[in-house]
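Given chain A, put chain B in place with the hints provided.
2 protein chains.
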Amino acid sequence: MKKISFNRPFLTGKEKQYLEKAVANGMISGNGEYTKMCHSKLVEMTGCKKALLTTSCTDALEMAAILIDINPGDEVIIPSFTFVSTANAFILRGAKVVFVDSRTDHPGMDESAVEALVTEKTKAIVCVHYAGVACDMQVIMEIAKRRNLFVVEDAAQAIDSYYTWPDGRKQALGSIGNMGTLSFHETKNIQCGEGGALLINDEQFCKRAEIIWEKGTNRAAFWRGEIDKYGWVDIGSSFLPSELSAAFLFAQLEQSEEIQRERIRIWDSYDNALAPLIDKGMITKPHIPAYATNNAHMYYLVCKTPEERASLISYLKERDIHAVFHYLSLHSSPYFHKQHDGRKLVMSDSFSDRLVRLPLHMHMSEEDVDHVIATIIKFYS
Amino acid sequence: MKKISFNRPFLTGKEKQYLEKAVANGMISGNGEYTKMCHSKLVEMTGCKKALLTTSCTDALEMAAILIDINPGDEVIIPSFTFVSTANAFILRGAKVVFVDSRTDHPGMDESAVEALVTEKTKAIVCVHYAGVACDMQVIMEIAKRRNLFVVEDAAQAIDSYYTWPDGRKQALGSIGNMGTLSFHETKNIQCGEGGALLINDEQFCKRAEIIWEKGTNRAAFWRGEIDKYGWVDIGSSFLPSELSAAFLFAQLEQSEEIQRERIRIWDSYDNALAPLIDKGMITKPHIPAYATNNAHMYYLVCKTPEERASLISYLKERDIHAVFHYLSLHSSPYFHKQHDGRKLVMSDSFSDRLVRLPLHMHMSEEDVDHVIATIIKFYS
Numbered sequence: 001m002k003k004i005s006f007n008r009p010f011l012t013g014k015e016k017q018y019l020e021k022a023v024a025n026g027m028i029s030g031n032g033e034y035t036k037m038c039h040s041k042l043v044e045m046t047g048c049k050k051a052l053l054t055t056s057c058t059d060a061l062e063m064a065a066i067l068i069d070i071n072p073g074d075e076v077i078i079p080s081f082t083f084v085s086t087a088n089a090f091i092l093r094g095a096k097v098v099f100v101d102s103r104t105d106h107p108g109m110d111e112s113a114v115e116a117l118v119t120e121k122t123k124a125i126v127c128v129h130y131a132g133v134a135c136d137m138q139v140i141m142e143i144a145k146r147r148n149l150f151v152v153e154d155a156a157q158a159i160d161s162y163y164t165w166p167d168g169r170k171q172a173l174g175s176i177g178n179m180g181t182l183s184f185h186e187t188k189n190i191q192c193g194e195g196g197a198l199l200i201n202d203e204q205f206c207k208r209a210e211i212i213w214e215k216g217t218n219r220a221a222f223w224r225g226e227i228d229k230y231g232w233v234d235i236g237s238s239f240l241p242s243e244l245s246a247a248f249l250f251a252q253l254e255q256s257e258e259i260q261r262e263r264i265r266i267w268d269s270y271d272n273a274l275a276p277l278i279d280k281g282m283i284t285k286p287h288i289p290a291y292a293t294n295n296a297h298m299y300y301l302v303c304k305t306p307e308e309r310a311s312l313i314s315y316l317k318e319r320d321i322h323a324v325f326h327y328l329s330l331h332s333s334p335y336f337h338k339q340h341d342g343r344k345l346v347m348s349d350s351f352s353d354r355l356v357r358l359p360l361h362m363h364m365s366e367e368d369v370d371h372v373i374a375t376i377i378k379f380y381s
Numbered sequence: 001m002k003k004i005s006f007n008r009p010f011l012t013g014k015e016k017q018y019l020e021k022a023v024a025n026g027m028i029s030g031n032g033e034y035t036k037m038c039h040s041k042l043v044e045m046t047g048c049k050k051a052l053l054t055t056s057c058t059d060a061l062e063m064a065a066i067l068i069d070i071n072p073g074d075e076v077i078i079p080s081f082t083f084v085s086t087a088n089a090f091i092l093r094g095a096k097v098v099f100v101d102s103r104t105d106h107p108g109m110d111e112s113a114v115e116a117l118v119t120e121k122t123k124a125i126v127c128v129h130y131a132g133v134a135c136d137m138q139v140i141m142e143i144a145k146r147r148n149l150f151v152v153e154d155a156a157q158a159i160d161s162y163y164t165w166p167d168g169r170k171q172a173l174g175s176i177g178n179m180g181t182l183s184f185h186e187t188k189n190i191q192c193g194e195g196g197a198l199l200i201n202d203e204q205f206c207k208r209a210e211i212i213w214e215k216g217t218n219r220a221a222f223w224r225g226e227i228d229k230y231g232w233v234d235i236g237s238s239f240l241p242s243e244l245s246a247a248f249l250f251a252q253l254e255q256s257e258e259i260q261r262e263r264i265r266i267w268d269s270y271d272n273a274l275a276p277l278i279d280k281g282m283i284t285k286p287h288i289p290a291y292a293t294n295n296a297h298m299y300y301l302v303c304k305t306p307e308e309r310a311s312l313i314s315y316l317k318e319r320d321i322h323a324v325f326h327y328l329s330l331h332s333s334p335y336f337h338k339q340h341d342g343r344k345l346v347m348s349d350s351f352s353d354r355l356v357r358l359p360l361h362m363h364m365s366e367e368d369v370d371h372v373i374a375t376i377i378k379f380y381s
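So the sequences go chain by chain: A and B.
If you read the first sequence in the numbering used here, its first letter stands for residue 1, the second for the next number, and so on.
If you read the second sequence in the numbering used here, its first letter stands for residue 1, the second for the next number, and so on.
Okay, chain A solo, but in the shape it has when bound (with noise of 0.2 Å):
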């Protein structure tokens, strides 16, 4: 058998045919063509009401932290199962972060451990959609609205995922809050190698969010003809991406249901064959509240212990499989342990220790699936 590889990003084909447009283009500084194409198509999928593309998710969560005006004492609820990303962006503005644990049947935040760790100092609720499936967002919403909370939706793997309402209505991931972020960095199901995208759902944030990724300049009404000449009118930093960076990212986004349609297929093949390891108790398997869907962005197993994870890492690396695990709990990290404020945070760091992603992505034929099925069957048996 040939090696599986963890990643690796997948090309739709055009993604040469929009670079070379752009060069040809002559102007790939930011907020170019593509990057616009881009910004319309992300409101489209998403319902938001404004899409802002980043050189990265990091950059939009900075963004959104400048929005919201943290400042230093604010506090942000963040899980601690997450990318260093999503507590560094309210870090940099001065904010104390309050890590939450995860939910026992779910690497997403515990929602229902939220409210106890609202204080007059709690700005805003950071909720990560975990391999794209979505936090409870009526529980935290509901507590926003309640405590007067700013919601950030860290949507990094959630692209084309969605929230059912209790009425049925669905929602799509970083639609919800007051602000959403998307990550396009190259093991993202769509892609730019490195890129994000800030959404915006809560008109306040719409002008000043245009000016913050200008540099703090207002620029972007200029080039509109809104006013004769641009200047500095509030922080900010070079937030956009280059138009080569938009070009390859519409090519992606263009292609977005191809792409999910294939991965669905190779998530659902892996959850239908290992059903039965399952069943027995064995491992576990990625939970799929019913209000939220599945945008197969990631297949993870659950170990019984942290010693059994690495056998079988270890096994599938010796017959050429690259199985990996996840997140280190944030709150026990070396920067961040001796600021935490000692509770204890289990299910984090059960799913540190336990949780491994399989190999998931377009490159990948029904035979490297089933060969990875087999293996861990095997290694079960």
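Calculated from the structure, these hints are not laboratory results.
Check before you lean on any hint, since a few could be wrong.
Because identical chains share one entry, a pair is satisfied inside a single copy or across any pair of copies.
Below, in silico cross-link-like pairs of lysine to aspartate or glutamate (EDC-like), each with a Cα-Cα straight-line distance of 16 Å or less [claimed, not checked]: (1) Lys229 x Asp353; (2) Lys123 x Asp74; (3) Lys3 x Glu367; (4) Lys96 x Asp234; (5) Lys338 x Asp234; (6) Lys16 x Glu254; (7) Lys2 x Glu318.
Then chain B, alone, in the frame of chain A:
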């Protein structure tokens, strides 16, 4: 005559090929093959200790602000006649910006005015090599040494430009202070649409820079096999650009000598042909001090009055020649004017009001340059 634009990005011809290769490599996230090639090339070109590509010069400045550990209340001395990012990068970390005026003979910072602004809270001098023309680094480095300050060189416009020490030794701009930053925005001599680099000259920052660049994680050390898993060890952001940006940029860096030769040819044409007007005292041309070199980033004129400048720009525009003014003094911007301490920064305002930049790009033929020159001479006759 055809329309003569102020800037039109130049392609060396290899960009497309390298973009295709990056895409074919199947790995277009950051810190890949082309990124490493750009790093080596920048170290070779500038003599810095370590170079790290960034998504913009803005981001490189933000990295510098994090590395020198800017905290709320720290003061940073910055010229008022610069782009907003020079200031924003430090303000985002809580710095109090103290603006310094321009020289009388050049829009660059008045080195002789710096020391009077140093207080016990001053942490850094950020010098900007306006138009790619060196600040007097001997003066600045001497103040910094004596008063124990960091020096960050904003060399956004200054690739392939040098400072000559009294002993005749030449040093690339950006490689003299503790750190320097370059821009590869499409308006620059060497460009990739949106991009930049941090040049580190002070060994103490090399290791931490790599961590901050990788979102506050020790992932770079992990990839080199120095540690067996990577985690959150510091603050940071996603400063690294994709391989798309790096591949494009590498094509430009490879051909920097040819680009520079051609730009200097155009610059010299302007300078020679406009000499009579300059000699008559009708306009002022760019001053290149004896310790500085000319990288032909910009050819500008300084008119006698704002009204004369407005007339000249209109006159040129009516004849399809796009000439533009430049920075508005940051100390009197809508964002900052209430924070400014009230000092008059006469020269900065004066260059804001009277400086005009002429078209200068690689698509200009000799006829184009001659046409711009003839039109200016006609305006003044």
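Here's how the hints hold up against the structure:
no., hint, in the structure
1, Lys229 x Asp353, "between (55 Å within a copy, 13 Å between copies)"
2, Lys123 x Asp74, "within (6 Å within a copy, 26 Å between copies)"
3, Lys3 x Glu367, "within (12 Å within a copy, 59 Å between copies)"
4, Lys96 x Asp234, "between (23 Å within a copy, 15 Å between copies)"
5, Lys338 x Asp234, "between (34 Å within a copy, 13 Å between copies)"
6, Lys16 x Glu254, "within (14 Å within a copy, 22 Å between copies)"
7, Lys2 x Glu318, "within (12 Å within a copy, 66 Å between copies)"
In the structure shown, no violation is registered for any of the earlier numbered hints.
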